[in-house]
Structures are given as structure tokens and as C-alpha cells.
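Starting from the known structure of chain A, arrange chain B on it as the hints suggest.
As given, the protein sequences belong to chains A and B, one line each in that order.
To convert, note that position 189 of the first sequence is 196 in the numbering used here; the numbers rise steadily by one, no gaps.
To convert, note that position 309 of the second sequence is 791 in the numbering used here; the numbers rise steadily by one, no gaps.
Rather than coming from a laboratory, the hints here were simulated on the basis of the structure.
Idealized CB from N, CA, C, for every residue including glycine.
Certain hints may be false.
[Unchecked claim] Looking from chain B toward chain A, a few residues come up when the C-beta cut is under 10 Å (computed):
id	residue
1	Ala-529
2	Gly-555
3	Ser-709
4	Thr-758
5	Phe-770
6	Ala-785
7	Ser-790
8	Gly-848
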Amino acid sequence: MAHAPVAARPRVGVVKFASCDGCQLTLLDLEDELLSVVEHFDIVDFPEATSARSAGPYDVLFVEGSVSEPAHLERIVELRRRTRFLVTIGACATAGGIQALRNWGDHDAFRRGVYSNPEWVASLARSTPVSEHVTVDAELRGCPIDPGQLVELLTALTTGRRPQLRDEAVCMECKRSGVVCVMVSKGIPCLGQVTQTGCGAICPRFGRGCYGCFGPREQANAAGLTRHLQMAGDRPREEIGRLFAGFTAYSEPFRSMVTELGGARTGRGTTTTAAEPAPRGGKA
Amino acid sequence: MVIPVSRSSRGSRPTIEGPGFLARADLQVLFDLLREDGRQLIGPTVADGAIIYDDITSVDQLPRGWGDEQSPGRYRLRRRGDERLFGYVVGPTAWKKWTFPALIPLTHSTHDGHKVSFEPEQATPPKLAFLGARACELAALGVQDRVLIGTEFIDPDYMVRRANVFVVAVQCTTSASTCFCTSMGTGPEVTDGFDLSLTELDAGFLVDSGTPAGRAVLERLPLRPASAAEQYGVAATVAAVRARIGDPVPTDGIHDRLLAQLDHPRWAQVAERCITCGNCTLACPTCFCTTLTQTTDLTGKNAVASRSWDSCFSPGFAKVAGGSFRARPRDRYRQWLTHKFATWWDQFGTSGCVGCGRCITWCPVGIDVRDELNAIAPPVPLSPESRLVEPVAATPNEFVTARVVNTKAETADTTTLTLTGVDPAFSHGSTGQFAMVALPGFPPLPISISRFLTDGIELTIRGAGPATRAMCALQVGDQVGLRGPLGNNWPLDRAVGRDLVIVTGGIGLAPLRPVLHAIVADRRRFGDVKLFYGARTPADLIYRDELERWGKRDGIDVSLTVDRAGPDWSGRVGIVTHLFDQAAWDGSNMIAFVCGPERMMQATSTTLAGRGVSASRIHVTLERHMECGIGLCGHCQMGKYFVCRDGPVFSIAQLGDTFGREGI
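Okay, chain A solo, but in the shape it has when bound:
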């Protein structure tokens, strides 16, 4: 983590891999701060916002999306080489994304099932987070990322301080803002306890359970939550497995829960049960 400003007016790039572009749009959605951001950062590469292109080097590079195609493997390494401070943004880049559910299924069957000419599709058997391939300096979690956390990271970069991205449960945000616990008061299963905060507890605020899009927090006791849901809620294993099988399913310990309980659906509408995800690729 940077402890001095990255540069006087840092050269910033925004790039994407396998993703929907929603996270990088969060940068454009910073309406109040946008002019000030452009003043303090030199945006050299950001296809969603400008036709200007740069091959780097970058002082700060925001990387969206998961590593999902053979070409990604080389590209991420090359980008890392040209970047001082690399930030992954969003569930795809930090956890492999929703597309990582294929990691539990049959890659070729998916391709044959979806595309009439599967041989034209170059994709990897597994969708993986960027951190599985290169060193990452900071992560902004979520699907999409939180604008407040993005501003916090940007302001921290300009002063060289440690960005305050708390590693605590979503529950803390619920309690601080007076949201009544949906699990206790309504019996709705909620991943807030094992999920890293940062979203402002949006889902519980609207009366629904957290589905973990910010991914597991440090030492997340997913096994303990699972046992409780099984015993107290009398829920079937696969239903609990499906709770974890969301945008960040491929992050441990959610990954183990999905593998153990089932819940990652295959292309044919059947459900994998206790299948191991496909073998891990080597780290570049």
C-alpha cells in the first residue's frame, strides 16, 4: 500500500477483462467529485470515457473483470509490468465473478450448449480473480463497487495514506445505521455476517438478505453460518450452497461451501453436488 502520494498527478488507466463494465462506470457516476478527480488524476486510458489510449506506464491502474480467456493470461502480466499501483475493482476482478460458477461445471458442455460454433470461442475452463495471476495492491470489492469506497481510495492515493476499507462484517454497518437484522426478525438467510462491509448494507436496508457480492471477509466463519442455517432454519444443504454460489462464489471459504453443499448450477439446469471445481491453473 502506498504511503506517499503515488505521483503528483498520477497517470491513471482503467481496463477491463471479463466483466459488464458496471464497476468502471462507477467512476463516471462520481458526479460531484468527477471534475476534481480529473484535475488530480491524468486519465490516460479509459475506453468507457475517452478515445484517448495509452500503453502505459500507469501510476494507477484500475482493473475490472476476471481472467477468463487465454489472451487474458498474458495481458494481465503485461499490464502489471507497466503499473505502479494496481487496483482490482468489482467482484469479477477480485473473486472471479458470477462467471466463475462455471468452475464447478463442464466447460466444454457449456460452450457446446450456448454457442453453435464453440470452436470460435476462446475461453478458459475457469474464471479466476486477477490476484490469482499477478500481485494486486488494493481491492475494491462489490458488484458493483461502492462509490464511497472509490472516492476513499482516490483520496488516499493523493495523500499517500492507507485507504480505510474496513474488513468487518456487513452486520456492523446494519447495526450502526439502525437496520433491523433481517435474519433475526424475519428469518431471511443473510450472508452479511461473513461478508466484507463497504456496500452500506444496501440489501438489508431494503429488507432482504445480503448475497455476499463484496465477498468473504477475513476469517469468515462460513461453516458456522452453514451449520446454524442447517440446524435452526432446517434448510436443505443445496439451498444453503446456493446462498454462497453468487458473485463471489469462487473466493474461499465460500468456494468450499459451494463445493461441499452443491448449489452451483450447470448449464443444463442440473446442480453439481459435491464436485470439486476444475483444477487450478498455474500462477503467471
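Relative to the frame of chain A, chain B by itself:
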């Protein structure tokens, strides 16, 4: 009770000295009076499936007819079927939300060139009225007062917010399954810490004041004197609440009990269930830990430091550059529980828990702090009592007498005497204690009490010298002199919830026999209990009937051995330490009580230590020359201890180097 009524000098409305009665239809008058005083009203209202505290202006916003059902990890609203406005128990909100907000700015700072400046934030809180604070919540406000403004350094933000609050308390007329104010001594009766108090009846409220400010408001309410029947009815209702709650957490001595269990295996067990989400701490009305957050603008010149609620359950809470001081979830659960119920006393002279039950209801996985406390630091006493009674005839020159009512020859040289007519103190003695036993002309001798009876004790004596032989020769009807019970006891309370191993030989079983009686009387509180017992020959085994009963009926794993067998012995042969060495057992959750010759105890300790039983969990009872039994004569010194007074039971950790060393 007669309510004195006097005429107010200011008008014709009677000034009511005692509690008055306010019709339910007139409660809005109280709302309006408080608002006229410039106060913002905070009170109960139904939102998001719960009764929360929020801004209210009208009686119509109160949870009329609503009650709640609460159990570990579960909260549901329910219709009461009546018109009660306060017929519920405490919900998810705590009043600290207003006196100690979840997030406040603390300091604004700027950085301009070489110049820095810091400007403290000055809170200008609104005047508030809390409507509906329960007894446990008043206690919680008192606890935070102690923590935040009751010591040398004060929290200025809390001070101004707290001073601006007018408290309208409501006595509980119902309870939840999660309540334990009775155990914590905070409720259900409202006794202090309020300006006005209300107790709800079918048609209205009994109103009383607790401060001059409260009295001033009370005098402006349309009250009539409360009838004796109404007052009696209120007292009876609150008493019924108390009875319904019972005493779920016996708190007597909980500070010491809990701190004595820092290595209890239950910490790890509860940590498997605990998600360390921190809900308990943020729902708690007394938890006060916070964290500072720095934010800057893009220029980097302007910064704000904010304070927000933090939790000792979050991984970052005790982190430094090298890692966290409480890295494991079990460490964090232990920190929280021991702080609430023990170390809070040391820091602030009060419990950190008020028994409101929020941490139980709002734990998403339903961990019940009462169960954890009772399992980790179970209430004493066990039977027989583990607290030590005052001895009788404590000084060496006096004795009380007792009469022999039964004698039993255990072996050729060992006899058990049953004594009755003893002072009741002896019956209330504790396992491992001894009596000084005297016959005229013989030196008084320390003899372990081998059984506690409701009206007497038993002593098992081996005739090894003239005095003991004289005692063994006593007949039914003979008297002896006694002093005691003296010395300390086996730490049976530490054995609760653990596996216990007892290793002993010969007459060494005598001081451990009451331990076995206590376990058999309350067997389910202990894990595996193993007894390894050896004697020279089969004929030297004492308590043979009981050994058989303990093994066959009482769930004790009894292993016997003899040094020399006869033709009638089909059991093991060899010394007890070998028997113990070779046995299969797991020391991870074990506590050990050992009695025998010092060399045997040392060998046993070495075996135990080798299998992971820490020195603080290995207890031995020592024999020394004793004459006075109370640490005056000096004979029984061992290092820094008098064995009679500080022992005879010691942990190996206490003894350190001195244990087993020759010539000490």
C-alpha cells in the same frame, strides 16, 4: 397505602406526593409537555418487523397492542390482543444511539504547506426525551455514565448529549425468554436513573417522578392519586415478571469464576459457532469501543477524523503491524465475555452486562451468553460446597468433640470411623480438607476427611504409629476431639465440563473419596472421569464396595492394580504409575487430581505433562509434618507455602521447582 394529597399554591390542581394515575387517553399530554419544553421525543414504534426507538411526536406512533417473542437468534412481533402501548420487551435499538452515536465527526484538520491545524468538533445536540426506557436500560445508561464520564478523563461529546436527555422510564409488565436483569441486579423494577416513571395498567399509567425535573413535569399532568389497589397491582405485576425471569445466570463470584477459566475448552467450541460478526457488541447498550476513521478530500489539505462504533470481534480491532493480538475467534469471544462479566468490574466498579438479552436475541446464530457463562464458569457450589467454611476450634488449644457411631476395617491396618455429633461446620467442609484429630495424651494429627455426611464425617486412618493405632482402635460410642475443617480443597469447579483423571494409591484414596462422591452426585457436569488406583496387595485396597459401584453403576472408569497379587486376583499387577502410563487417554481437556508418595506424584505429573496437561491443571495433595494446622507452628513449610494453610492441595504450576526436589 394512603397517598397524601396537598393543594398546590399555584392553582387548584392537587399536587400528588406519591404516584399518580394518568389515563391512557391523556398520555399525549405528556408528549406535548415535553415537546413544549423544546425536547425531541424518542420512543418505541413499529418498523421493519420490530419495535425500534425512533423520533415520535404522537401517542398514535406507539406500538399499541404489539408485543414481541424473543429467543436466541429470533425476534418476532405478535399481536397482544389488548390496547397496551408498552406491552413489549426491549428491541434492537439501544438508547446509546442518541447519547453515544454510531458515527460522529471528532476533529477537522487542515494541512497547508508546512502549517497544520486541528479544530475539534463541538457537538450541539438537541434536547431529547427518552420515552420508555426499561430498568435494564436505565442501568445501561448508568454504566456508560461510569465509563465515559465517571473517571478522570471524560468524553465531552457524551457529556453534552447525556446532559440533554430527560428520561421517562417504563416498568416492565412482561418479559422475554432472553431477559436476565434479575441475575444482573438491574431490574425488572425501576428504581433510579429516571426523571419520570410510568407503569402501564389496563386503563392508564401509574406515574412517579425521580428528579425535580421529573416532578415539575408530573405536576403539570392531569393526574389523580393512584389507588392502593392500583399500586398493589403494579407491584404484583412487576413481581410476577421477576418470578418469570428467575435467576438464569447465578452471578455470585462470577468475576473470579470466569477469570479462573481462561483456558477452558469451551472457548474454542463457542468460537466454532460464533461468526465474529460483532452484532452482540453493537446491540449491547453498554459496549463503548470505537474506532477512528480519517477521510481527506482530493486536495489532501482537508481532513476529518470521525469516530464510529467498533467491535472487539472484528479482526482488525487488536491489530498492530505484526498481526492481531487476538488472532483467533476464540480469543475475541473470550475477550468480550470476560470483559463484560469480569474485568469491567476491575476497570469501572460495575458489571458491563445489564441483562437486557439483546446479545442473545440479536446474535444471528443464537449464541446464548447465559449458556456460555454457565458452562465456562459454572455456578458454585458443587456438592459438597467448594467454598470453604469457617473452621471450628481453629486455635490449637481448643477442640470440639465427636462420637464414633460406626467403625469399618478397610484393611488389616486401616479403619474408617464414622463420627456424628460434630459441629455442622464439618458437614459443610470441602473435598480435600482435613481435620486435626486428637485423643487425650496423643499429639493431634491431620486426617483427611474421607466423607461428608449431613450430620457427620468419616475419617479413614491407617494405624502407622501410636496415635493412629489408638484412633483405629476406637469403638462405637467413643469420643474424639476435632478441629477443622482445615486447609484448602480440590478445585472441583475447574473440573466441570472437563475430563478428570484421579491417580492415587493405598490410603491416598481417602482425601479423594469426597471428590468421587461429588462427581457421582452431579455426574453430567463432568466429562470422562477415570480413577487409577493401586495398592500393595488386593487386601490393601480400601473402599472396595464403592470402587465396584463407581465403576459399574456411576459412570467412573475405574482401573485397579496391585504390586503383589494373590491367587484370588485376576486384575492387573504392577505399580499405578505404569498402569496410568500405558492407558489410553486424551489429555487435551483434562484436569488431574493426584495423591500418593511424592515420587509417585512426580512421575504421574511427568506423564500428564507429556500428554499435554498443563501444570496449572495437575493438582496434588501434599503430606507434611503438621501440628497446628493453621500456619503457626512452622513445621509444614515448603518453600513459600505452609502446606496446612496454603494447601494441602496445590497445582504443579504453583509449586514450581520445589515439587519433587529432595530436601525441601
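Point to revise | Evaluation of the interface hint that places B/Gly-848 against chain A, nearest CB under 10 Å | key: holds, 6 Å
Point to revise | Hint status (Cβ of B/Gly-555 to nearest Cβ of chain A, threshold 10 Å) | key: B/Gly-555 check passes; min Cβ-Cβ to chain A is 6 Å, inside 10 Å.
Check your understanding: Given B/Ala-785 as an interface hint, is the shortest Cβ-Cβ distance to chain A below 10 Å?
Key -> holds, 8 Å
Check your understanding: Would the hint on B/Thr-758 stand, with a C-beta cut-off of 10 Å toward chain A?
Key -> With a closest approach of 7 Å, the B/Thr-758 hint holds.
Review point. Can B/Ser-790 be said to touch chain A, with a Cβ gap under 10 Å?
Key: holds, 6 Å
Exercise for review: Have a go at the B/Phe-770 hint: is there a Cβ in chain A nearer than 10 Å to its own Cβ?
Suggested key: It is violated, given that the least Cβ distance between B/Phe-770 and chain A is near 14 Å, above 10 Å.
Exercise for review: Report holds or violated for the interface hint on B/Ser-709, using the least CB-CB distance to chain A and a cut-off of 10 Å.
Suggested key: Interface hint status for B/Ser-709: violated (39 Å vs cutoff 10 Å).
**Study point:** Supplied contact hint for B/Ala-529, tested at 10 Å Cβ to chain A
**Key:** Since the shortest Cβ distance to chain A is 7 Å, the answer is holds.
Hint compliance for this structure: hints 3 and 5 are broken, all remaining hints hold.
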